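Below are the chains, spelled out letter by letter.
There are 2 protein chains.
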Amino acid sequence: MDSAALIVREKEPLNVESPACVLDSFLTPNDLFFIRNHFPIPRLNPESYRLRVDGAVADPLRISYEELRAMPSRTSTVTLECAGNGRSFLQPRKSGVPWELGAIGTAEWTGVPLAHLLRRAGVDDGAVAVFVEGADRGEPTNDPKPDGEIAFARTLPIEKAQEPDVLLAYRMNARDLTPEHGFPVRAIVPGYYGMASVKWITHIEVLREWPRGYWETSEYSYWDAAEGRPIVRPLDKIRVKSAIVRPRMHEIVRPNMGYRVTGAAWSGTSEIAKVELSVDGGETWNVARLLDASRRYAWRRWEYEWRTPAQSRMCVLLSRARDSTGATQPDHHDANYGSYAINYTLPVEVFVRSSMRSSGIRTESISGRVENLVGETLL
Amino acid sequence: MDSAALIVREKEPLNVESPACVLDSFLTPNDLFFIRNHFPIPRLNPESYRLRVDGAVADPLRISYEELRAMPSRTSTVTLECAGNGRSFLQPRKSGVPWELGAIGTAEWTGVPLAHLLRRAGVDDGAVAVFVEGADRGEPTNDPKPDGEIAFARTLPIEKAQEPDVLLAYRMNARDLTPEHGFPVRAIVPGYYGMASVKWITHIEVLREWPRGYWETSEYSYWDAAEGRPIVRPLDKIRVKSAIVRPRMHEIVRPNMGYRVTGAAWSGTSEIAKVELSVDGGETWNVARLLDASRRYAWRRWEYEWRTPAQSRMCVLLSRARDSTGATQPDHHDANYGSYAINYTLPVEVFVRSSMRSSGIRTESISGRVENLVGETLL
Chain A
4 MDSAALIVRE KEPLNVESPA CVLDSFLTPN DLFFIRNHFP IPRLNPESYR LRVDGAVADP
64 LRISYEELRA MPSRTSTVTL ECAGNGRSFL QPRKSGVPWE LGAIGTAEWT GVPLAHLLRR
124 AGVDDGAVAV FVEGADRGEP TNDPKPDGEI AFARTLPIEK AQEPDVLLAY RMNARDLTPE
184 HGFPVRAIVP GYYGMASVKW ITHIEVLREW PRGYWETSEY SYWDAAEGRP IVRPLDKIRV
244 KSAIVRPRMH EIVRPNMGYR VTGAAWSGTS EIAKVELSVD GGETWNVARL LDASRRYAWR
304 RWEYEWRTPA QSRMCVLLSR ARDSTGATQP DHHDANYGSY AINYTLPVEV FVRSSMRSSG
364 IRTESISGRV ENLVGETLL
Chain B
4 MDSAALIVRE KEPLNVESPA CVLDSFLTPN DLFFIRNHFP IPRLNPESYR LRVDGAVADP
64 LRISYEELRA MPSRTSTVTL ECAGNGRSFL QPRKSGVPWE LGAIGTAEWT GVPLAHLLRR
124 AGVDDGAVAV FVEGADRGEP TNDPKPDGEI AFARTLPIEK AQEPDVLLAY RMNARDLTPE
184 HGFPVRAIVP GYYGMASVKW ITHIEVLREW PRGYWETSEY SYWDAAEGRP IVRPLDKIRV
244 KSAIVRPRMH EIVRPNMGYR VTGAAWSGTS EIAKVELSVD GGETWNVARL LDASRRYAWR
304 RWEYEWRTPA QSRMCVLLSR ARDSTGATQP DHHDANYGSY AINYTLPVEV FVRSSMRSSG
364 IRTESISGRV ENLVGETLL
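Chains A and B are the protein sequences, given in the same order. Note that the first sequence covers residues 4 to 382 in the numbering used here. Note that the second sequence covers residues 4 to 382 in the numbering used here.
By construction, these hints were calculated from the structure, which means they are not laboratory data. Among the hints, erroneous ones may be present.
Pairs count within a copy or across copies, as identical chains cannot be separated in the list.
Lysine-lysine pairs mimicking BS3-like chemistry, simulated, CA-CA at most 30 Å apart [stated by the list, open to error]: (1) 240 x 97; (2) 148 x 240; (3) 277 x 240; (4) 14 x 240; (5) 14 x 277; (6) 148 x 277.
All values derive from a computational prediction rather than experimental measurement.
Construct all of the structure, not just a fragment, from the sequences and the given hints.
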């Protein structure tokens, strides 16, 4: 994990994002895949590793790494997006890891369906949830927080946990997981934000009621105001979103030329139906061409042939995706999601100029940090 | 509410604490009673005022102020303590209103038992909780928080709501409530921290399940680690506590004299069984004399005759209360309570000196802010 192309956002615990160019590749190379940790990376020994499955089950299980790898496996292509992806663009600034565009990636994950283990253990009729716990432990950071160390964990509705694509994965793009990505075994929960895909899983507990733990209330939660009074709920499905990969923020392009705008679009448990691009700040919209076949849990790349204006000027580009349920990206961030689920249409300012020499643009701005420039734009 | 003796901790919303000397009086005068607001004080018109009682009931009610005052009433003597009382002494400093000793007071409250209205409305068999909402609205301050304005509200377990001492009060020490204290009608929930005694009540809703609102998770919550994994719970009962009123922090007392140490002690739904005083930083403990008769929901004042040392020195005084359930004040703040329920034994440093002239104590320290001095002491 020493690829120079990765962008370190936090060193302890290690939080690293991909360069935005990974969105131009359908499968993200393992060594360019973003890494999101809450605590120090645990180093587990595959010989002594055991996965416990207990709680509201008929026959609790205790499974070794070798036993798991001998079980029937499945490979799924799944896009994982961190719930805080794009946080650095929020105005005003929010605390949390300052991700830009690259806390997202797509890989082929191989592992044992969680449903297989749940069937073997025999889930009780009254079960409502499955608690999935990692081996990573530490003191949480968001208030309100419990005292002392806790393990990273996440709870899935029992129906979701029993879907065939929810995996206990041990391979990523045909290679064994590395410690950074959850060796020996991690969850892959397709369609949910990345926090559900718990790494270093050592314990799965079937529950008869929903927990009210730190990871369901203080962190990775949102406010559901639909029923009159807002109630706190754990984050789950990835919301429909697209990103412009090319041009980059404040890129300079030549006038009156063909320019291929590229990007990607995704939506948690739905498929991308349409991507539109605006080159005039949202006044008018043009349909972009979708490149990849539609798959339920993977992003689709798109492109749009832009004829740049004949005159020097600044253009504001926006992309907007719609999914098969009709959900469309909003214009603004929904404050009920705090610093998560950031899926509003993000403006990309581009300078149309015949040459650098005549641009009058301060070049130090162009080499500045993208989020600062975007920040100015949004003010 | 312009008493010069009150100490303003926050102006908008208004948050005001009592001088510590109120703990020396069994009943707290209305104009010295602490005021805790979350939002601007609503000014309600008693003519148009209506209290709605609905939700899981057979017959929803809509009651005027006049009708409420015509119902059978009850008067209870109840100590209210703000859940953040003593917060300013915490090390490291915590955000929130920086209360010292005086976010507490005792009054005789007159009103209609909530149980009376619940009986009239006819509570459904499946009801588990009663949601009590005030007319005050605003944007909450703690993360995670919902977007926009919400009303202050609090939820009581159905059993608690049906206790005869839980009142919809309209009088405080025989006077009609003032706007600052909840005119026209406020809850009095004996034994619970003050946040449960919702002011300006306009809506009561009987619920079939516990809500997961802002006031049950982000603010006025604590972490219950008893069942293995910490879960967030709404604060409820006042924890056993005592305070030393005299001497004050860094007071100078004469050697070899009789000195009457005074204070108060209280515990939510239990009675105070014993108060002990240490004059040697907790090495040895002496039983203090309890002054007031024991009442379930009111504090008890206490005193202890201290023979000061013959030699000049610094003494650390500590008081420690025990209640009828055997619960005793802890030595340290429980971090699972965040910046609430601060009931550890708080050291009071006292200088024994024959005269100021020979004390060698910087007098500017003595006139400094108490919490700074206590802060240094605790480091």
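Consistency of the hints with the structure:
1. 240 x 97: Within one copy only: 21 Å inside, 34 Å across.
2. 148 x 240: Classified as both: same-chain Cα gap 24 Å, cross-chain 20 Å, threshold 30 Å.
3. 277 x 240: Close inside one copy (19 Å), not across copies (55 Å); limit 30 Å.
4. 14 x 240: within (28 Å within a copy, 42 Å between copies)
5. 14 x 277: Answer is neither; intra-copy 38 Å and inter-copy 52 Å both fail.
6. 148 x 277: Classified as neither: same-chain Cα gap 41 Å, cross-chain 33 Å, threshold 30 Å.
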